[in-house]
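Colleague: These protein sequences, in sequence, are chains A and B.
For the first sequence, position 81 matches number 85 in my numbering, and the numbering has no gaps at all.
For the second sequence, position 381 matches number 396 in my numbering, and the numbering has no gaps at all.
Just so you know, the hints here were simulated from the structure itself, not pulled from any lab data.
The C-beta atom is built at its ideal place from N, Cα and C for all residues, glycine as well.
Watch out, some of these pointers could steer you wrong.
[To be verified] If you want the footprint, here are the derived chain A segments under chain B, 3+ residues with CB under 8 Å:
id	stretch
1	6-13
2	21-29
3	35-42
4	76-90
One letter stands for each residue in the lines below.
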Amino acid sequence: MNVNSETVGDINIVTPSGRLDSMTAPSFESELLSRTEESTDGVIVDFTDLDYVSSAGLRIMLMAAKRMKAASRKLIICGLSDSIHDVFRISGFLTIFTIVGSREEAIEKAKE
Amino acid sequence: MRFHSRLILLFSVTILTAVFLTASLLAWSSRNSMYESTRIDGELVSLLLARSAGFAKQIPKEVEDALGEQMVAAANIAAEFVAAGEKAGMTTPELTTRLKEIVKRTTINEIWVTDENGHALLHTEPDVDFTFSPDSTLQPQASQFWPLLTREKTTVIQDMRKREIDNKSFKYVGVTGVDKPRIVQIGLDASMIENLRRSIGLEFMVDNLLAGGDINAIWVISPEMKTIAYGSVFGSDVNPQPTPREAKALQEVFDQQKTQSILESNQITIMTPVPSSTGKTIGVSLVRLPLDHMNQTLRNQIYIAMIIAAGSILIGILIAFVAARRITDPVETITDAAKAIQEGSFTSECLLKVSQRSDEIGQLAQVIIKMAEDVSARQEYLDCLVTERTAELEIKNKEIEQTHQQLHSELMVAQSMQIAILPTDFPVHPNYEVFGKMLPAKEMGGDFYDLFQIDDEWLGLAIADVSGKGMPAAFFMAVSRTELQSIAASGGAPGEVLSQTNQNLCSENPLELFVTVFYGLVNIKTGQFIYSNGGHNPPYILRADGSCEALPLTGDMALGVMPDLLYQDNQVTLHTGDMLVMFTDGVTESFNPQDEEYGEERLIQTLKTAKGVSAKEQLENIYTSVDNFADNREQSDDITCLLFDFHPESESESESKSESGRIPTSEVIVLTNDLAELEKLAGAIEKYCDTHELPPACCFQINLALDELITNTISYSFDEGVTGNITIQLSLNADIVTILLVDDGNPYNPLDTPHPDLDAEIDEREIGGLGVHFVREYMDTIDYEYMDNKNQLILTKQTTPQDNQGE
Chain A
5 MNVNSETVGD
15 INIVTPSGRL
25 DSMTAPSFES
35 ELLSRTEEST
45 DGVIVDFTDL
55 DYVSSAGLRI
65 MLMAAKRMKA
75 ASRKLIICGL
85 SDSIHDVFRI
95 SGFLTIFTIV
105 GSREEAIEKA
115 KE
Chain B
16 MRFHSRLILL
26 FSVTILTAVF
36 LTASLLAWSS
46 RNSMYESTRI
56 DGELVSLLLA
66 RSAGFAKQIP
76 KEVEDALGEQ
86 MVAAANIAAE
96 FVAAGEKAGM
106 TTPELTTRLK
116 EIVKRTTINE
126 IWVTDENGHA
136 LLHTEPDVDF
146 TFSPDSTLQP
156 QASQFWPLLT
166 REKTTVIQDM
176 RKREIDNKSF
186 KYVGVTGVDK
196 PRIVQIGLDA
206 SMIENLRRSI
216 GLEFMVDNLL
226 AGGDINAIWV
236 ISPEMKTIAY
246 GSVFGSDVNP
256 QPTPREAKAL
266 QEVFDQQKTQ
276 SILESNQITI
286 MTPVPSSTGK
296 TIGVSLVRLP
306 LDHMNQTLRN
316 QIYIAMIIAA
326 GSILIGILIA
336 FVAARRITDP
346 VETITDAAKA
356 IQEGSFTSEC
366 LLKVSQRSDE
376 IGQLAQVIIK
386 MAEDVSARQE
396 YLDCLVTERT
406 AELEIKNKEI
416 EQTHQQLHSE
426 LMVAQSMQIA
436 ILPTDFPVHP
446 NYEVFGKMLP
456 AKEMGGDFYD
466 LFQIDDEWLG
476 LAIADVSGKG
486 MPAAFFMAVS
496 RTELQSIAAS
506 GGAPGEVLSQ
516 TNQNLCSENP
526 LELFVTVFYG
536 LVNIKTGQFI
546 YSNGGHNPPY
556 ILRADGSCEA
566 LPLTGDMALG
576 VMPDLLYQDN
586 QVTLHTGDML
596 VMFTDGVTES
606 FNPQDEEYGE
616 ERLIQTLKTA
626 KGVSAKEQLE
636 NIYTSVDNFA
646 DNREQSDDIT
656 CLLFDFHPES
666 ESESESKSES
676 GRIPTSEVIV
686 LTNDLAELEK
696 LAGAIEKYCD
706 THELPPACCF
716 QINLALDELI
726 TNTISYSFDE
736 GVTGNITIQL
746 SLNADIVTIL
756 LVDDGNPYNP
766 LDTPHPDLDA
776 EIDEREIGGL
786 GVHFVREYMD
796 TIDYEYMDNK
806 NQLILTKQTT
816 PQDNQGE
């Protein structure tokens with residue numbers, strides 16, 4: 005997998021692509037956690053290019069969410085495929101994460 | 016060597032040694048005594064010589080002295096006669112005549128009368144003119160009488176001596192003249208004294224001794240080492256003089272005054288001092304005595320001793336024979352008796368005589384008789400026992416025979432039942448024809464074939480061969496068939512069916528039997544044939560064009576050997592006119608009386624020869640061919656065949672895919688315990704889902720479930736540094752995917768993981784526990800089992816979306 009990071013204004017956008025499983029999780033973890041630490045406004049994780057995510061990926065999301073919440077910053081997820089959306093659903097993550105459809109919506113949401 | 020011969024040899028050697036020693040000792044002592052006697056003889060000879068020497072010196076001297084006195088008297092008479100005659104005026108010739116007369120009539124031999132000048136005036140010798148001279152060199156003998164002329168002496172008595180003129184022994188005596196100085200000499204032939212000396216002297220004794228023939232030679236040697244007397248039998252050539260050795264010994268005799276002797280091969284030399292009458296040593300006698308006589312005597316004695324020894328040995332050997340016989344006879348009798356005991360023909364009479372002896376042999380014989388009686392009694396007892404046991408054995412044998420017959424008939428029933436349970440009603444279908452047959456061997460075997468009509472589309476075909484023979488094989492065959500039947504009925508992929516059958520067989524296989532199974536599903540509409548081969552010999556496809564090919568193996572092991580094996584699927588497509596020929600090795604391993612094997616080549620040839628015929632005809636064709644080949648040789652194994660002939664009504668159908676779109680095949684994925692393998696897993700699952708046209712969501716969920724489970728297994732089930740295997744088998748039946756997940760790590764049951772609290776606020780949410788939650792959510796059933804050191808999870812999932820899976 006690849007992890008692409010960019011900033012739009014003060015918003016960090018992290019875009020993982022490919023498979024996010026226990027094998028690839030560590031690289032995603034270091035990237036995302038460093039982004040959450042340097043961000044001032046919020047972090048958007050764009051899952052549009054992500055084909056697959058396992059519990060290892062969700063664990064990192066949960067960790068990031070906990071940190072952002074502690075820092076009173078926003079963590080917004082966008083671009084979930086049906087399958088990944090379903091994974092989030094059965095994980096009970098739909099209620100504890102801010103999930104929007106597209107990246108634009110996410111930026112809007114971050115600026116709120 | 017026999018005991019008897021050994022005894023004889025022992026006796027003979029003992030006697031021989033004794034006789035030889037005695038004879039040698041006797042010969043030695045005899046020789047010594049003879050030598051001693053010879054030596055004593057020599058000493059005696061010496062003494063004799065000494066005595067003889069004494070006599071020989073004394074007697075003649077005395078005689079000569081007496082003779083001298085007489086002659087002096089005669090000379091005085093003659094002097095008186097001559098003085099008187101001349102006074103009376105007798106002439107010289109007259110006086111000479113008178114003197115000659117006297118000489119003639121008396122023992123006086125010569126009378127000499129000289130004048131005052133010494134001229135022999137009157138004498139008795141004819142034609143001699145002699146004048147005495149005082150010159151002793153001129154007349155050594157006659158000069159001694161000169162002093163008579165000078166009247167220095169009145170009488171001269173001369174010792175007897177040899178005369179210079181004629182070398183005769185003469186004794187002369189002279190007196191001076193009565194009337195005037197003159198020499199009146201009387202001469203006497205003294206040969207009688209010589210004779211006397213000779214007759215009693217050493218020489219004579221030596222000669223006498225030699226004449227006896229018992230002495231070779233005698234010397235008498237003076238202390239000056241001069242020979243006093245000598246004589247030899249063979250002449251001086253043989254024993255010329257004392258040898259140096261003898262000379263040395265002689266010197267010792269003189270020095271030590273002791274007798275010495277030298278022993279040579281043919282003679283003995285004895286040297287003894289010869290004492291004179293006064294006891295002084297006058298010389299040494301050296302006597303050589305021949306040993307011929309002694310040797311001869313010795314030889315004779317040895318001959319006699321040898322004859323006696325030979326006689327003794329002969330007698331000894333004879334005695335040895337008799338004695339040995341006396342000793343060995345009873346021993347042989349006892350030996351024969353022992354043999355007789357062994358052969359059972361012993362009677363105590365044959366040892367009666369020996370047993371009456373009072374020695375050890377007698378005692379031995381008595382013991383043997385006693386022993387033989389004991390043996391005989393025991394033999395009788397044993398015979399009795401054998402008879403009893405034989406009778407019992409016969410009864411038992413009859414019982415066994417009855418049991419055997421009963422068992423046999425029961426076995427026959429079992430065998431018929433075994434055949435009877437195999438399907439004989441073969442379906443009649445326009446698209447195919449199927450026929451099977453099992454020809455059992457004499458002993459119960461474990462071949463079977465089977466058919467399962469799964470649905471309208473799929474037909475299951477199985478053929479199997481259980482290892483071993485007899486009842487266990489027959490039972491295992493029944494168990495295997497039942498298991499296969501019940502598992503195959505669900506319509507699962509052949510590999511999955513074999514995997515599960517193997518698992519079940521392994522858990523109920525106490526005798527460690529195994530079964531080779533070929534199981535396939537044929538689509539009777541399309542001709543698609545999916546199969547899995549558990550160690551069975553590959554079936555053939557006899558194509559419509561007459562070619563024949565063996566189905567590639569799937570590389571799997573026979574069932575019942577090892578649990579947790581996953582069997583692979585393979586597939587081929589049958590076309591119109593193709594025939595599947597499944598068989599057991601009973602076909603190819605049939606033997607003819609020449610020990611030749613029927614073999615695969617022959618089978619293929621048989622199939623090709625009859626190509627195009629129906630399955631039933633082809634089946635009969637195979638059996639006929641095998642039967643002809645075997646040529647009445649007894650069948651050693653079950654011969655089983657199952658033939659499927661595909662001839663669909665519509666040709667086009669055979670080219671299309673299955674109507675339901677699902678092909679009951681299974682996929683096996685093998686991974687190692689490394690997280691990097693997850694990508695490989697994802698790829699394999701995607702491919703499987705594509706092949707089987709499963710919805711993408713279903714594919715995602717299966718992938719996620721397996722990802723979570725395998726991640727957990729790799730993390731928790733394996734010790735660090737240990738490499739292990741994780742095997743996944745996916746099989747699809749109708750719309751249900753069955754997943755078998757097996758790993759050889761430590762026991763780990765993912766179902767023990769607690770459910771996460773899904774409703775917790777973000778702050779309270781536990782990190783983790785989601786993986787197993789996904790598996791529970793996405794899979795319909797989950798079963799965990801730990802057996803044979805393996806973790807085993809069986810998951811099932813319906814592939815069509817369910818109601819509860821909505822948004």
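Colleague: Can the stretch 6-13 of chain A be counted as covered by chain B under the rule of three residues or more with Cβ-Cβ separation shorter than 8 Å?
Modeller: violated (count 0)
Colleague: Check whether three or more residues of the stretch 76-90 of chain A sit with their beta carbon closer than 8 Å to a beta carbon of chain B.
Modeller: holds (count 3)
Colleague: Taking 8 Å as the Cβ threshold, is the statement that the stretch 21-29 of chain A is covered by chain B upheld or broken by the three-residue rule?
Modeller: holds (count 4)
Colleague: How does the coverage statement for the stretch 35-42 of chain A fare against chain B, requiring three or more residues with Cβ below 8 Å from a Cβ of that chain?
Modeller: violated (count 0)
Consistency with the previously given hints fails for numbers 1, 3, ordered from lowest to highest.
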